[in-house]
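K.L.:
Dock chain B against chain A, hints included.
The lines below spell out each chain.
There are 2 protein chains.
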Amino acid sequence: MRRFTLAVVLALSLIVLLPAAQQPGMQSNSLYGFRDDEARQQRDWENKFRAIPSPENMRNAMQRLSARPHHVGSPYDKDNAEWLLAQFKSWGLDAHIENFDVLMPTPKERAVEMIEPTRFALKLQEPAVAGDPTSNQQAEQLPTYNAYSIDGDVTAPLVFVNYGIPADYDTLDRLGISVKGAIVIAKYGESWRGIKPKVAAEHGAVGCLIYSDPRDDGYFMGDVFPKGAWRPPDGVQRGSVMDMPTYPGDPLTPDVGAVPGAKRLDLKDVKTLTKIPVLPISYADAAPLLTALTGPMAPMAWRGALPMPYHIGPGPTKVHLKVASNWDTKRLYDVIVRIPGSTYPDEWIVRGNHHDGWVNGAQDPISGLVPEMEELRAYSELLKQGWKPKRTIIYAAWDGEEEGLLGSTEWAETHADELRQKAVVYINSDTNSRGYLGTSGSHSLEHFFNSVAKDITDPEKNISVWQRARMAAISRAQSQERRDETRSRPDLRIEALGSGSDYTVFLDHLGVASANLGYGGEAGGGIYHSIYDDFYWYTHFDDPDFVYGKALAQTTGTAVMRLADADLLPFDFSDQADTVRRYARELEALVKTQQDDVKERDRELQEGLFNAVSDPKHPMLPPKRDPMPPFLNFAPLNNGVEALSRAAERYHTASAAVQQSGLSRVTFAETNKLLMETERKLLLQQGLQNRPWFRHQLYAPGFYTGYGVKTIPAVREAIEQKDYAEAEAAIARVGRVLQDEAAVINQAAESLERAK
Amino acid sequence: MRRFTLAVVLALSLIVLLPAAQQPGMQSNSLYGFRDDEARQQRDWENKFRAIPSPENMRNAMQRLSARPHHVGSPYDKDNAEWLLAQFKSWGLDAHIENFDVLMPTPKERAVEMIEPTRFALKLQEPAVAGDPTSNQQAEQLPTYNAYSIDGDVTAPLVFVNYGIPADYDTLDRLGISVKGAIVIAKYGESWRGIKPKVAAEHGAVGCLIYSDPRDDGYFMGDVFPKGAWRPPDGVQRGSVMDMPTYPGDPLTPDVGAVPGAKRLDLKDVKTLTKIPVLPISYADAAPLLTALTGPMAPMAWRGALPMPYHIGPGPTKVHLKVASNWDTKRLYDVIVRIPGSTYPDEWIVRGNHHDGWVNGAQDPISGLVPEMEELRAYSELLKQGWKPKRTIIYAAWDGEEEGLLGSTEWAETHADELRQKAVVYINSDTNSRGYLGTSGSHSLEHFFNSVAKDITDPEKNISVWQRARMAAISRAQSQERRDETRSRPDLRIEALGSGSDYTVFLDHLGVASANLGYGGEAGGGIYHSIYDDFYWYTHFDDPDFVYGKALAQTTGTAVMRLADADLLPFDFSDQADTVRRYARELEALVKTQQDDVKERDRELQEGLFNAVSDPKHPMLPPKRDPMPPFLNFAPLNNGVEALSRAAERYHTASAAVQQSGLSRVTFAETNKLLMETERKLLLQQGLQNRPWFRHQLYAPGFYTGYGVKTIPAVREAIEQKDYAEAEAAIARVGRVLQDEAAVINQAAESLERAK
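Chains as they are written, first to last, in the numbering used here: chain A, 1 to 756; chain B, 1001 to 1756.
None of these hints come from the bench; they were simulated from the model. Heads up, some of the hints might be wrong.
With a straight-line Cα cutoff of 30 Å, these simulated DSBU-like cross-link-like pairs (lysine-lysine) come out [claimed, not checked]:
| hint | chain 1 | residue 1 | chain 2 | residue 2 |
| --- | --- | --- | --- | --- |
| 1 | B | LYS1617 | A | LYS461 |
| 2 | A | LYS227 | B | LYS1078 |
| 3 | A | LYS227 | B | LYS1318 |
| 4 | B | LYS1454 | A | LYS599 |
| 5 | B | LYS1048 | B | LYS1078 |
| 6 | B | LYS1180 | A | LYS599 |
| 7 | B | LYS1624 | A | LYS461 |
| 8 | A | LYS318 | B | LYS1227 |
| 9 | B | LYS1461 | A | LYS617 |
| 10 | B | LYS1617 | A | LYS454 |
| 11 | B | LYS1461 | A | LYS624 |
Among the chain A residues that face chain B by a calculated CB cut under 7 Å, a handful are [what the hints assert, rightly or not]:
| hint | residue |
| --- | --- |
| 12 | MET297 |
| 13 | PRO309 |
| 14 | LEU609 |
Built from N, CA and C at the ideal position, the CB exists for glycine as well.
Bound-form chain A, shown alone (with noise of 0.2 Å):
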């Protein structure tokens, strides 16, 4: 009777914990988009598709095509682009290379050496190492450089900067320190790569140094290779550092395809060029430099794991750099797949991963490249045992990545009209590492990428990988407010994409639906664009078994197959509307704490406080005062939220009727065609100010952190940048896209009103 009485608990327990619908393992009969019908045969070739990836194969390919290095205007880029073709074609599917011309320097000379107070010549130069037999190619590998830096050939006092972004420049102004005329040294991390020089130059600096610090990226982390997986004391990060958040892509071509014939700019006129000379360096190179510095000990946040006191300088350091580059063209080769779909063969589903690495690059990006290579090849058995996706699918395998976008950005300008037309969903995958599926994208397919994560089993787990984002996301909650969201809201939230991947083109110049996905968080690792990335670092410290290589293959195939095969574009809006409310009012909370920060401020000025606990041995001179930030309108903003939800709502309830109909209407072209259209909707033509090449209105690169997203950023940075006049302008474009974002949505649910 007990036993009985305490099983009945158990069993109830569990119904309220996990409803059937998150069940790992279990699979209700219908599927959102598609007849009832239709829906058992979708599931059927679902599972037969998640039994093909093969890790065995994953790790072959990789083995070849991290053998050698190749970076954009190698033989072996060229050469894997040939094999992959070759491998696709050997599937019996339809593949073609295109080509493009780009600019891409490579560096002529590089040297950094400390003249004072000794004499310290930077090695500049990661040795190989005894036992990972692809780290000794060195005639084959790019030294270590960040392309896209200027030339230059400055001699100038050194100064540290920490992460080097603008908030560390009004700490500097708080110590009176300027790097107006000097060499700043900057920790990587923090902001993409390519802020540092621009905020360092915006500062009157004349030079750029950035290394990886070990409390970052070395043994603070852990055990360094080739012994664990850390950065090595030699090891170095190369990076570009074009001026990407303005536009990516080859920096001649802005806006058209680098094809033959394109109207190309002069290299004095690129806009993307760092304005001084950078170079990244190692932290073995950049300790002797840091521990001669003296000057003011940097704040207690600003000091990283080298065994010496942090301190600023300027002084005594001086540090000779040059830098010079051969400014050559150098050819992309973007390997394009092409599977014609049966019902729908003028809506796309693109997806895409690059192939280009800084050196052997494994793990970026051939840890990525190698599920998408068998989501191909499973998808060649599925076709010839009769599967038919009703809509085209386009793989790609992207060149020149790593400069700035460039294979994905070039063949995205060149085929923009078409993509606008045609392109349902971009899907993009880079690195690959063991963990969590993380997903990041549009938000109309928030709740679409929640329920193909169900279906996906976690390999060292054995429940869903949903289910265990979501555990991971509830253990990483700040608050109870968070995790208690975390439980009841039916769909994990998706991070808003900034830039640093091929989709950034889709989503933020072209206005297609996009996602990222990748697994990770497990396994650590400090190689990321060295020489020690390798097939012998992966196969050792990152997803040994390439198991979940095999669960981003079935998570992104799945996505591809689902998105491919409805009749009903799986789109929804209540996720985005919940979203864009959540940015609506994060903005009104900043201008808010921007103002109770003026105010809070002007106090301690006027109550003399930061006088008060200057130490006059270790001075800090009292902020600037402030204008205060003024109350903005943001109504247009909130009828836009409003509009949205509501939109959202009707459409919402208008396709779980025809859902619940088991889509008994032969076609939803109709609605489709406008599904579609809403992320284009998003996009403004005028883009956002100074840089019309990012159009998207909810989501942006940030000016001043690079990867970072900015939401609703023509508000948001207006607002950061204490630009009002320009943040309340924004907020009635934002107001007038929602409204017409809502407009279409209305549309949507009216076709499908229509139909019942």
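P.N.:
This is chain B only, laid out in the frame that chain A set:
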């Protein structure tokens, strides 16, 4: 006209910001506790007093007192005591030395060697530094050791335990790591050092090493000695590891003075020695041991600034640790000065600072002792000029503080009966530095110490030290709420006293209202309890001009004079009631937080969160399921708080009326007697659980923090240790204590009301 308007606005805003009484340098004629005619006289004496303390004298005295090592049992400790006595006598003061004979072990053998995976014999020795003239007195220096470690000779694997506090062992449990049979290595910090071996032994460790990590006390904080103020690689923090939270003072004579004929425990029966051998080591000595460790990476928050990955072990590091002491009795030399009171000779104002150091001890304790000397010299001048303090003033230069508050505890235990009868207040200092006035103590004195601080001018800023401390409090506040409270509350909050200096026996054992004063916060440093805490270091890096030495003499001396001369003792209970109410609310919140945490953890266990987020390659076990903390009956405590608040308000009103009437009565003897009783009433004869020596029911050093205070300790520690039955019993006890406190305050109020 415009100029005029601006001036008016400015004047108005000044009035708003700085009420007249808070303006530095401004003194009203009235003085709380004094008749109006005597207030002016008192102000004159105080002003004369504050002009006397001489930085030059303090400098000379520090140089003399720190010229050689002067730990308990050393020739120079006795020599210093005799020199102090001679000085005091030469100023015409009544002074004598009181001796006690106490257990004080000194090292006979010390050895630490890593025997696996490689051999490394630790240096355990601080080298002399060129240019620092006293650092080479090796023959007289106490070696680096932890006093009251038991003897032991153990060989065992090493485990890194972070700071070695109880929460760290919870983390180790989740990592599946036991310290049973291991030697632990803990960082200095976060708890008093004696807690580390105590908690390690509770978890089955057989030995304990404690080291100063450069993150907390070394190059991460700033340039190391002799270039800068911070701990050099071979610097070691000596210190006592006696279980002081059980009882301080001579381990052989708890509760009674260590005088000839006192009942002494057998060494084997002493409860305050460690259970396992302990030694402190430098970070240069710790580095090879820690670098060799493998096992899981330590959690982020555990990692320090050594240039290596922080692993926890166990394995492969194996260590041999040997400690053996001479368990000798040493003689203490307390120097006692007595200035008899003219009117109330049986009401004592007691003031102390210790004179013994671990080595040369310039900062600790001489920087606090030399202001005390200048106070006495100034009094001797005032006495010659006709000043007649109404109350008796007792000054003490304690011996044996470093080993366990030996000199103050034995003296106060010896004179316990007299102190219970006569002691009004005990004012302590220990070290002194550059920066802000720090005040801790009994909250019945909070208002009084605020009023004193308003009369002392900060030597760096020319504002009152009260105003400067207030600005610092605003600057450090973590929320707008705290900033606003600091601005609007008439008194700055003072901290509660835990332990760590000589006030302990007065406050916690005898119930004498106490305070500890000192300046600090600007000059950092890492020479604590090392051979580098000497005259050279202090005059280069701390308060080189002794201007804060002068400020401390002015502050404590003004307080002593005002307490000695007031007709009505300046106790007030409004701040006490307000503070106790906060503590009571914290306790209720603590239980609520525990309940919420258990509830949340239950959910997480049930939903499988811990398994879902455990990386199979770095597993973390789920935490244990805790019982649900019950709701407790806080009514007795809240009733006590209400009674106290009501009594405090009544007393405040009555004393304000008396003050308003100009203290027209002749004597306040009855009231003062009752006021002296108020702190005694906060004791319970039975003391705290398992440590009856500690009797105060509002303040105690934490059983598992050591220095850190636990307020309403009987309740708080029972809740923290999840002994809820004991917590509820303690709530009832403390409720009665507060009722008793309220009763005596009501009597005091009544005695004033009767006189009106």
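K.L.:
Confirm or reject each hint.
P.N.:
For each hint, the structure was consulted:
no.: 1; hint: LYS1617/B to LYS461/A; result: holds, 12 Å
no.: 2; hint: LYS227/A to LYS1078/B; result: violated, 57 Å
no.: 3; hint: LYS227/A to LYS1318/B; result: holds, 21 Å
no.: 4; hint: LYS1454/B to LYS599/A; result: holds, 27 Å
no.: 5; hint: LYS1048/B to LYS1078/B; result: violated, 33 Å
no.: 6; hint: LYS1180/B to LYS599/A; result: violated, 56 Å
no.: 7; hint: LYS1624/B to LYS461/A; result: holds, 21 Å
no.: 8; hint: LYS318/A to LYS1227/B; result: holds, 21 Å
no.: 9; hint: LYS1461/B to LYS617/A; result: holds, 12 Å
no.: 10; hint: LYS1617/B to LYS454/A; result: holds, 24 Å
no.: 11; hint: LYS1461/B to LYS624/A; result: holds, 21 Å
no.: 12; hint: MET297; result: holds, 6 Å
no.: 13; hint: PRO309; result: holds, 5 Å
no.: 14; hint: LEU609; result: holds, 5 Å
Violated hints for the displayed structure, listed by number in ascending order: 2, 5 and 6.
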